[in-house]
Amino acid sequence: MWRDALLIATKDLKIEFRSKVTLNLILPFAFVVLIIFAFALDTSPGTLQKVAPGLFWLAVLFSSIFSVDRAVAIESDDNAGDGLLVYGVDPGGIFLGKVISVFVQLFLLEIFLLLGVVVLYGPKIGGWLLMLASALFATIGLCAAGVTYSQLASGSRAKQTLLPLLLVPVVSPVLLAATKAWQDAFAAASSLEDPWLRLLIVFAVVYLALGAIFYSSILEG
Amino acid sequence: MESRGYRWSRRAIGIVSLLLVAATVILGLWITPPDVVQGQLVRLIYVHPPVAWVAYLAYGVTSIGSILYLWKRTRNLKWDLLAAASAEVGVVFTGLTLITGSIWGRPAWGVWWTWDARLTTTALLFVLYLGYLALRRVPADSHQRAVRSSIAGLIAFIDVPIVHQSVVWWRTLHQGATVLNPSLSPKIHGEMAMTLLLGFISFTSVYAWMLMHRYQIAILEQKVLDAELDQLIEERRREPDSESRQARPTNDVGNFDQPSKV
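In order, the protein sequence lines correspond to chains A and B. So the first sequence is numbered by our numbering: it starts at 1 and just counts up by one. So the second sequence is numbered by our numbering: it starts at 222 and just counts up by one.
Only chain A is shown next, with the shape it has when bound in the complex (with noise of 0.2 Å):
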């Protein structure tokens, strides 16, 4: 199942390195997120400062719908996951790969964000331990919220209206969790006892223990 994961992730990473969506859309995309957040709000250095983790995680949130839709769009595209299955490919490798390849996309597109953020907002940050820690266990939750959720919805012709409304509320707890850590860890808390951290934890443990066991199901059925 890891070989198999690990094929599915290169293979996905080298389509995206030689068409650069992420790099190309969803990037400019979440950048324009954060300037109409500026337009939405008040421009006030302090204003902008507070709600600073909560912003930068719903831009990639927002981000992660495009990253996870194209990455089953791939397979989709031409049944080419049927191909994958005759060929014996895992399915849980499969949905492994397409987590680890979004996965790397997405911590990716959350530095050059976090940059972003800290020109745009300037926010005093600190506590970078747990910054990173509740980056990575989120960042897991939503790619196999997401990845399943987009196998889920593949197929409808109303695909990319149906996966937001699908995925936003299921993966709403990482929204929360992620921006207190964030918060919390803003304020100078650099504990890695934060409870955030421990329920973005159980929910990227969760997501990819259902998506592991389900995703064979989605794929076949």
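Calculated from the structure, these hints are not laboratory results. This one's a predicted model, so the numbers in the text were calculated from it and none came from an experiment. We treat Cβ as the ideally placed atom computed from N, Cα and C, and that holds for glycine. A hint or two may mislead.
As the list claims (entries may be wrong) - Okay, derived cross-link-like pairs now, DSS-like style, lysine-lysine, Cα gap no bigger than 30 Å in a straight line:
| no. | chain 1 | residue 1 | chain 2 | residue 2 |
| --- | --- | --- | --- | --- |
| 1 | A | 50 | A | 124 |
| 2 | A | 159 | B | 293 |
| 3 | B | 299 | A | 159 |
To be verified - Covered, in the sense of this in silico footprint (three residues per stretch, anywhere, with C-beta under 8 Å from a C-beta of chain A), are these stretches of chain B:
| no. | region |
| --- | --- |
| 4 | 340–349 |
| 5 | 357–363 |
| 6 | 376–387 |
Dock chain B against chain A, hints included.
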């Protein structure tokens, strides 16, 4: 066709529900006294908690139906249709919970909405199952739709405790106790407790009645679908060979592209 026993029990439950709801209305609006603190507002208590309970019950039934469909030994399309019927009724009752809660909240708290843990969880629950129902509308063959929606229903149900926990922490880690707790649960007895109990029974009965109706409709819809398909296949068979070839020149390729599970 539905069996005679099913039809009669459905009608009986319908009549009983009507009587129970009528009794709840009479007891709730006229017989029970107004509350010392809340006045007439307290009468919403005979509706709001029972409606919320029914919503949870409905989602519980949806999850059981989903599990029974996913488990290969008990796999039967009926479980999926039951899960769908229950989810639909559940969404209606979640909507009613939010509306009645809002009506109560406006005079009691002075606002239509507050970011209380329970309210927020309920709102998310509403959207989660709206998503489930939207997923069911995606065109697919019945087995595929059943598998996908069963998984979605089950994941939604597993998600509820996580959502609830996160929202509870969100509202309580950084501020005091929730707003709902003090007013609803304690110090209720006599006629009022009886009426509340009656409310629970009558709305559960209404749920059972609606579920049976909705389930029956789902079964009939499925039958219509199957009959239409049979008819189309039959028509296609009767067509002369040459005509069918002309009508679908790329027949084989089309079938190869999308393996049909019908």
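With a C-beta cutoff of 8 Å, work out whether three or more residues of the region 376–387 of chain B approach chain A closely enough for the coverage to hold. holds (count 8)
For residue 159 of chain A and residue 293 of chain B, compute the direct alpha-carbon distance and say whether it is at most 30 Å. 28 Å, holds
Just to be careful, I want the Cα atoms of residue 50 of chain A and residue 124 of chain A compared with a cutoff of 30 Å; is the pair within it? 10 Å, holds
How does the region 340–349 of chain B fare against chain A when you require at least three residues with a CB closer than 8 Å, holds or violated?
Contact hint for the region 340–349 of chain B vs chain A: holds, 3 residues under 8 Å.
Given hint residue 159 of chain A paired with residue 299 of chain B - CA-CA distance at most 30 Å | 26 Å, holds
Notebook entry, point to check: Against chain A, does the region 357–363 of chain B show at least 3 residues with beta-carbon separation below 8 Å?
Noted result: Held - the region 357–363 of chain B has 3 residues with a Cβ nearer than 8 Å to chain A, which meets the minimum of three.
In this structure, every one of the numbered hints holds.
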